[in-house]
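Take a look at the letters that make up each chain.
Number of protein chains: 2
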Amino acid sequence: MIAHILSIGAELTEGRVVNTNATFLAQQTQQLGIGVSRITTIGDDIQEITELLSAQKDTVVITTGGLGPTHDDITHEALYAFCHKNFDDFLEKDEWYCIIKKYAKNREISSVHAHAQLLKNPVGHAPGFYVEANGCHIFVLPGVPSEAEGMFQEEVLPLLKKMAQKYHSHTLRLSGMYESKVQKILEKIQGRSQVDISLLPQYNGVDIVVKSRNEINAFVDEARAQLQKYIYSENGSSLEETIAKLLIDQKKTIAVAESCSGGFTTHLLTNVSGSSAYLQYAVVSYSNEAKIKILGVDPQTITAHGAVSPECAREMAQGVRKVMGTDIGIATTGISGPTGATPNKPLGLVYVAYADSDHCVVRDKVIRRPRVEHKKHSAYFVLNLLWERLKK
Amino acid sequence: MIAHILSIGAELTEGRVVNTNATFLAQQTQQLGIGVSRITTIGDDIQEITELLSAQKDTVVITTGGLGPTHDDITHEALYAFCHKNFDDFLEKDEWYCIIKKYAKNREISSVHAHAQLLKNPVGHAPGFYVEANGCHIFVLPGVPSEAEGMFQEEVLPLLKKMAQKYHSHTLRLSGMYESKVQKILEKIQGRSQVDISLLPQYNGVDIVVKSRNEINAFVDEARAQLQKYIYSENGSSLEETIAKLLIDQKKTIAVAESCSGGFTTHLLTNVSGSSAYLQYAVVSYSNEAKIKILGVDPQTITAHGAVSPECAREMAQGVRKVMGTDIGIATTGISGPTGATPNKPLGLVYVAYADSDHCVVRDKVIRRPRVEHKKHSAYFVLNLLWERLKK
Numbered sequence: 001m002i003a004h005i006l007s008i009g010a011e012l013t014e015g016r017v018v019n020t021n022a023t024f025l026a027q028q029t030q031q032l033g034i035g036v037s038r039i040t041t042i043g044d045d046i047q048e049i050t051e052l053l054s055a056q057k058d059t060v061v062i063t064t065g066g067l068g069p070t071h072d073d074i075t076h077e078a079l080y081a082f083c084h085k086n087f088d089d090f091l092e093k094d095e096w097y098c099i100i101k102k103y104a105k106n107r108e109i110s111s112v113h114a115h116a117q118l119l120k121n122p123v124g125h126a127p128g129f130y131v132e133a134n135g136c137h138i139f140v141l142p143g144v145p146s147e148a149e150g151m152f153q154e155e156v157l158p159l160l161k162k163m164a165q166k167y168h169s170h171t172l173r174l175s176g177m178y179e180s181k182v183q184k185i186l187e188k189i190q191g192r193s194q195v196d197i198s199l200l201p202q203y204n205g206v207d208i209v210v211k212s213r214n215e216i217n218a219f220v221d222e223a224r225a226q227l228q229k230y231i232y233s234e235n236g237s238s239l240e241e242t243i244a245k246l247l248i249d250q251k252k253t254i255a256v257a258e259s260c261s262g263g264f265t266t267h268l269l270t271n272v273s274g275s276s277a278y279l280q281y282a283v284v285s286y287s288n289e290a291k292i293k294i295l296g297v298d299p300q301t302i303t304a305h306g307a308v309s310p311e312c313a314r315e316m317a318q319g320v321r322k323v324m325g326t327d328i329g330i331a332t333t334g335i336s337g338p339t340g341a342t343p344n345k346p347l348g349l350v351y352v353a354y355a356d357s358d359h360c361v362v363r364d365k366v367i368r369r370p371r372v373e374h375k376k377h378s379a380y381f382v383l384n385l386l387w388e389r390l391k392k
Numbered sequence: 001m002i003a004h005i006l007s008i009g010a011e012l013t014e015g016r017v018v019n020t021n022a023t024f025l026a027q028q029t030q031q032l033g034i035g036v037s038r039i040t041t042i043g044d045d046i047q048e049i050t051e052l053l054s055a056q057k058d059t060v061v062i063t064t065g066g067l068g069p070t071h072d073d074i075t076h077e078a079l080y081a082f083c084h085k086n087f088d089d090f091l092e093k094d095e096w097y098c099i100i101k102k103y104a105k106n107r108e109i110s111s112v113h114a115h116a117q118l119l120k121n122p123v124g125h126a127p128g129f130y131v132e133a134n135g136c137h138i139f140v141l142p143g144v145p146s147e148a149e150g151m152f153q154e155e156v157l158p159l160l161k162k163m164a165q166k167y168h169s170h171t172l173r174l175s176g177m178y179e180s181k182v183q184k185i186l187e188k189i190q191g192r193s194q195v196d197i198s199l200l201p202q203y204n205g206v207d208i209v210v211k212s213r214n215e216i217n218a219f220v221d222e223a224r225a226q227l228q229k230y231i232y233s234e235n236g237s238s239l240e241e242t243i244a245k246l247l248i249d250q251k252k253t254i255a256v257a258e259s260c261s262g263g264f265t266t267h268l269l270t271n272v273s274g275s276s277a278y279l280q281y282a283v284v285s286y287s288n289e290a291k292i293k294i295l296g297v298d299p300q301t302i303t304a305h306g307a308v309s310p311e312c313a314r315e316m317a318q319g320v321r322k323v324m325g326t327d328i329g330i331a332t333t334g335i336s337g338p339t340g341a342t343p344n345k346p347l348g349l350v351y352v353a354y355a356d357s358d359h360c361v362v363r364d365k366v367i368r369r370p371r372v373e374h375k376k377h378s379a380y381f382v383l384n385l386l387w388e389r390l391k392k
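Chains as they are written, first to last, in full-length UniProt numbering: chain R, 1 to 392; chain G, 1 to 392.
Next comes chain R alone, as it looks inside the complex:
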């Protein structure tokens, strides 16, 4: 079974918004063993949408966008035209809109017709639709990413899983390990040829998606055994969520001192709801003065080794945990560029540190990326170190 993703909206064809919905949907269907043959992005044009829907045969079609209340959101219209053409006994237009309005008042309504049902919107107000015609399964979702994702997870996924029932799939998420190395390890595992593997690189590592129409447990067990120490999640959680769970389980608090990652480490940690339980506070100490005054870094350390040094990273991590008396302190310091490199310290150099009451660990790496990417990679580098220490 294959899928066609149809992304609708002038914000996409005008380049105002990056099409993250298509990427999300491609990942999700891929994990069910449903390959995406094409992603088509068009503006809000009733005729084009209707034609594209009518041209599909035996596919899963997932559309996003054009379900809102403004005049240019016309996916409703196109879907109605499509249904009216395909089902002799389909509703009149006023009945169709009446049902959709009713949904807004009473979310229990779900069926609009034998071949068309409403999909509930767990995040916003506009419902989605599921229509079956011409051997196609058409899912119509809103364009706002949180709404599209919420509706996909809660309403579409259960239906797709039934269709892809006989497909086995499992995802291992790895931190601190890279694609090429994982590839080599997986190639040596017995049964490699009987499963389909996708490696999805992430900032902090790589996701391994194993799929097959046959049993995959033996292969997954072996992959897990060989890669155990890099696996942070098998249930889809992010690295931040895994760290959150470890901190809560261990009743530990944390403080963050960021230099080169410039606030992005803290942004990641605070994206997790409930993070105030363990994240006491964070400091972005760009200036040497702030490192000295707020974090208690020894001015001598900076004079002797520089602010981008293992010594400074160590004192930042130790200092930040002392200020508020947290269990753990983590720190980053590096050269995000484009300026700041010296003959001894190349552009992209970064030191990260972890400190608790017993240990202090410092690591370094050269991340050759543009400024904003460097900030993000530095943030994941220190989170990887934190995760490694927490799971010990």
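It cannot be assumed that every hint is accurate.
Since the list gives no way to pick out one identical chain from another, each pair is judged satisfied if it fits inside one copy or across any two copies.
Said to hold, decoys possible - Here are the computed lysine-lysine pairs in the DSSO-like style, where the Cα-Cα straight-line distance is at most 27 Å:
#, residue 1, residue 2
1, Lys392, Lys251
2, Lys162, Lys120
3, Lys392, Lys181
4, Lys293, Lys252
5, Lys105, Lys345
6, Lys293, Lys322
7, Lys293, Lys162
8, Lys392, Lys365
9, Lys85, Lys120
10, Lys322, Lys392
Simulated from the structure, these hints should not be mistaken for lab results.
Chain G: place on chain R using the hints.
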């Protein structure tokens, strides 16, 4: 003239990579007055690519991807098949590949045929192509974003500009002003019907893109006059970059105290290269203890009004500037959710504050968005306040 963007690569249809190339190309062509009618994303399939190229009439076609050296990079093959079909006198396959190989050694080569020329790659090794056939202008670019962008800017843009020569375009970027209100103001301006306007909503406001084959200065001048106080940029700079310039020009330093925005405000400020010149330091004070201990918020204030209150926002902004003696302090405090709302304080409520030696300003707003979106909107809300104060 319209454009069709063709994004080629399994990394896109498998959801491994977000299609930022399409967004970049759509923005660029849009600015030239060339609208994008469709973006099609497909895997590495020679037949599909050849069919898609052959189906185009009178359009600008820009493809990305599939030009590399690996076995699944087959855009070369498809383009060759397309040229061979369209031009009776086209090269033999070995001649074609011979020319491409020569390019790798000598970048001076540019023409491969009367209807096909090479496009130089300023970043990587694979050349691109420009082919004219069936009234279509086909540009074939690499998939690596830095290579696609570099080749577009240096090789494609000059050619497209000639085609779109008579088009005028100007962009006004507004902060603290929203789409619906801007729409109403622009509707009343004389000459509205002679220009093409796109409103591009952003986190902090809206971008107005004015385009026309005719003169646009009179319209832009009037729009500027009416919206003056909301315009932060006419040269493409972001709000963070505008703020950076104001801080540097005024030789002012700043410190940031974030609660609900969780580090994202600081992340935005530090995305600007050279931000260490004015950003002394930032604190993410999630806990009340951190607000009291690090920022000097009065415990009585929190007891009497709560941590999410105008009083607390004010003391955070004043406190953070005192710690390091900066000229300015800014602060955010609010309820990002999904938990934390109370009967008097709705989910999404946020207070932001600005403090300098003479003034302290607090503003509030209810931002009804999911957690991560709420954090981002809160960050732009305080940056908007900062910008307004700096330009006074």
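- Query: Failing hints, ascending?
  - Reply: 7
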